[in-house]
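Turn these sequences into a full structure, and let the hints steer you where they fit.
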Amino acid sequence: MNAQPFHFNPVRIALLSLVLLFLLLFLAAPLCVVFGEAFAKGFGTYLAALTDPEARSAIWLTLMTASAVIPLNLVFGVAAAWCIAKFSFPGKPLLVSLIDLPFAISPVIAGLVFVLVFGRNGWLGPWLSDRDWHVIFAWPGIVLATTFVTLPFIARELIPYMQEQGRDEEEAARLMGANGWQILFRVTLPRAKLALLYGIVLCNARAMGEFGAVSVVSGHIRGKTDTLPLHVEVLYNDYDFSAAFAVASLLTLLALVTLGLKTWLERRGATAPRATR
Amino acid sequence: MNSTVHALATVPRTAVKRSPDVLPGFGLSLGYTIVYLSLILFIPLAALGLKAIAGGWHGFEAVLTSPRVIASLKLTFGSAAIAAAVNAMFGFLTAWVLVRYRFPGRRLLDAVVDLPFALPTAVSGIALTAIFSPDGTLGRFLSSIGWPVAYAPSGVTIAMVFIGLPFVVRTLQPALEELASELTDAASSLGASPALVMWKVVLPLILPSLITGFSLALARGIGEYGSIVFISGNLPFKTEITSLLIITKLEEFDYHGAAVIAVVMLVASFLLLFGINLLQRRALRWQARSTGP
Chain A
8 MNAQPFHFNP VRIALLSLVL LFLLLFLAAP LCVVFGEAFA KGFGTYLAAL TDPEARSAIW
68 LTLMTASAVI PLNLVFGVAA AWCIAKFSFP GKPLLVSLID LPFAISPVIA GLVFVLVFGR
128 NGWLGPWLSD RDWHVIFAWP GIVLATTFVT LPFIARELIP YMQEQGRDEE EAARLMGANG
188 WQILFRVTLP RAKLALLYGI VLCNARAMGE FGAVSVVSGH IRGKTDTLPL HVEVLYNDYD
248 FSAAFAVASL LTLLALVTLG LKTWLERRGA TAPRATR
Chain B
41 MNSTVHALAT VPRTAVKRSP DVLPGFGLSL GYTIVYLSLI LFIPLAALGL KAIAGGWHGF
101 EAVLTSPRVI ASLKLTFGSA AIAAAVNAMF GFLTAWVLVR YRFPGRRLLD AVVDLPFALP
161 TAVSGIALTA IFSPDGTLGR FLSSIGWPVA YAPSGVTIAM VFIGLPFVVR TLQPALEELA
221 SELTDAASSL GASPALVMWK VVLPLILPSL ITGFSLALAR GIGEYGSIVF ISGNLPFKTE
281 ITSLLIITKL EEFDYHGAAV IAVVMLVASF LLLFGINLLQ RRALRWQARS TGP
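In the order they appear, the protein sequences are chains A and B. Counting in my numbering, the first sequence runs from 8 upward without gaps. Counting in my numbering, the second sequence runs from 41 upward without gaps.
Keep in mind that a hint or two might mislead.
Unchecked claim - Sample of chain A residues facing chain B (criterion: CB under 7 Å; computed from the structure):
#1 Leu23
#2 Phe83
#3 Ala86
#4 Trp89
#5 Cys90
#6 Leu119
#7 Arg181
#8 Ala255
#9 Thr265
Said to hold, decoys possible - Label pairs and their computed distance ranges (CB to CB):
#10 Trp271(A) - Gly89(B): 38 to 48 Å
#11 Leu313(B) - Asn128(A): 27 to 37 Å
#12 Ser106(B) - Lys231(A): 30 to 40 Å
#13 Ser136(A) - Asn317(B): 35 to 45 Å
#14 Leu148(B) - Leu25(A): 12 to 22 Å
No wet-lab data here; the hints were simulated from the structure. All C-beta atoms in this analysis are idealised placements derived from N, C-alpha and C, irrespective of residue type, glycine included.
Structural data, given as structure tokens:
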């Protein structure tokens with residue numbers, strides 16, 4: 008640590024105030040606005056906005072989506088981390104950067120690509136509509152678009168962490184006669200559980216809060232294909248501001264819980280040393 | 041003990057050439073990874089590419105030369121560049137304060153910097169609009185001094201600043217932590233002014249991280265949608281960002297137009313990131329030269 012103790016120095020005070028002012032405007036103000044506006048018309052209105060049937064259906068759809076997306080990306084993350092962290096093969100750096108690809112792609116494009124595959128005029132559109140299967144403007148489309156956007160989250164936490172841990176313990180387990188699944192479930196995953204949890208927390212936050220990608224594929228059918236963030240938009244565009252902010256306050260609580268968990272996990276060493284990230 | 045086991049485990053491999061790996065599951069995990077990436081990323085992205093080139097070069101050109109598309113591309117890339125530059129500056133200051141200073145509430149501040157990552161973009165969008173709209177406290181003041189933010193191009197930039205801030209702070213923090221205060225102290229004790237220390241000691245050492253943070257914030261700004269559409273007002277030719285234009289095309293069932301714009305956006309961001317990557321390598325070389333023996 009090369010930090011210096013707090014003492015009065017004009018340059019320091021000026022810099023600190025400037026930074027605090029900037030962060031106050033960009034971080035504290037939005038938080039205050041959300042809760043302020045949510046309770047602006049009293050607690051009764053707040054509760055009514057959250058127990059409204061459309062709001063409840065949005066909460067349910069958001070939970071269902073996250074509970075499908077997380078297992079998908081979890082299995083992928085473990086598989087990717089197993090081959091990347093424990094083996095060496097040609098093209099490994101390329102594979103690692105391809106996993107990060109969704110970060111460089113606009114969420115709207117993530118929604119668009121699935122419309123082009125599964126939409127009415129898409130590749131599989133006619134085949135799907137013959138069977139009366141709905142992907143776009145329905146839950147499967149929402150899950151696909153969210154999976155695309157959140158694909159890197161678990162893998163990119165797990166890969167550096169497992170690389171850091173090396174493969175000695177796995178090799179030892181192998182020599183003692185454990186098979187692959189036993190090694191994975193009894194040695195590797197328990198050793199990497201902090202990074203795994205860290206990735207799941209981040210993946211969940213993004214999955215529940217995703218807006219752009221979901222808004223392209225959902226079709227905005229009220230009470231049916233509106234997730235929580237889309238419900239916020241619908242209420243806001245109806246000028247029902249206190250209800251919009253009431254629903255937004257739920258998502259804000261989720262964000263605050265995420266930040267708390269994230270900080271707690273980081274202090275327990277859930278992230279690989281920064282140099283490898 | 042681990043190293044003994046490791047040594048034992050590697051003996052047969054060196055003795056027998058090309059013997060199979062001790063650990064199982066390489067083929068299965070790599071195969072699963074590639075199939076999953078293909079299903080979720082590559083095949084859908086291929087559908088996008090094929091749709092975009094379906095109309096031939098003329099179709100491509102027709103979409104791209106439309107003034108509305110050009111206006112939205114200028115707005116999106118221009119605002120993202122300004123926002124990334126603002127973030128490079130304030131992100132550097134924030135990271136500097138968080139790493140170098142000790143003050144009450146520092147750890148809380150450190151945790152809260154990630155708020156734009158964690159807060160769903162729709163929530164940030166309506167919250168920023170409430171702050172900066174002419175009805176909001178700050179918005180009223182700003183429009184009274186003749187600087188309308190909400191429903192104006194500045195609103196787009198403000199939203200991009202919000203969303204990009206953590207990228208710069210989080211890439212700079214480790215670089216600043218590695219920068220020993222002995223270096224800056226030595227420079228100061230040799231008579232260098234604080235500005236000279238910043239320019240000649242700190243900046244060269246953190247420049248590669250600063251460039252990385254800038255480019256991450258830039259990429260995020262270009263692709264951002266949720267936090268912008270509420271504050272921007274979405275006026276065609278004026279405050280309509282490219283992501284929104286893609287959605288508009290989709291709603292008009294102009295799938296080809298949407299695909300063309302999307303491909304251009306993707307190619308532009310990849311080229312930009314690639315160019316910045318080259319710049320970063322040059323910065324690393326420059327750093328090696330100026331700090332080397």
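Going through the hints against the structure:
1. Leu23: Holds, about 6 Å.
2. Phe83: holds, 5 Å
3. Ala86: holds, 4 Å
4. Trp89: Check passed: Cβ of Trp89(A) comes within 4 Å of chain B, closer than 7 Å.
5. Cys90: This hint holds: Cys90(A) lies near chain B, its Cβ roughly 4 Å from the closest one there, short of 7 Å.
6. Leu119: Hint on Leu119(A): holds, closest Cβ of chain B at ~6 Å, below 7 Å.
7. Arg181: At 5 Å from the nearest chain B Cβ, Arg181(A) passes the 7 Å test, so the hint holds.
8. Ala255: holds, 4 Å
9. Thr265: OK, holds: Thr265(A) within 7 Å of chain B, min 5 Å.
10. Trp271(A) - Gly89(B): 38 to 48 Å: At roughly 43 Å between Cβ atoms, Gly89(B) and Trp271(A) fall inside 38 to 48 Å, so the hint holds.
11. Leu313(B) - Asn128(A): 27 to 37 Å: holds, 32 Å
12. Ser106(B) - Lys231(A): 30 to 40 Å: The hinted range 30 to 40 Å holds for Ser106(B) and Lys231(A), with Cβ atoms some 35 Å apart.
13. Ser136(A) - Asn317(B): 35 to 45 Å: holds, 44 Å
14. Leu148(B) - Leu25(A): 12 to 22 Å: holds, 18 Å
Going through the hint list in order, the structure satisfies each hint without exception.
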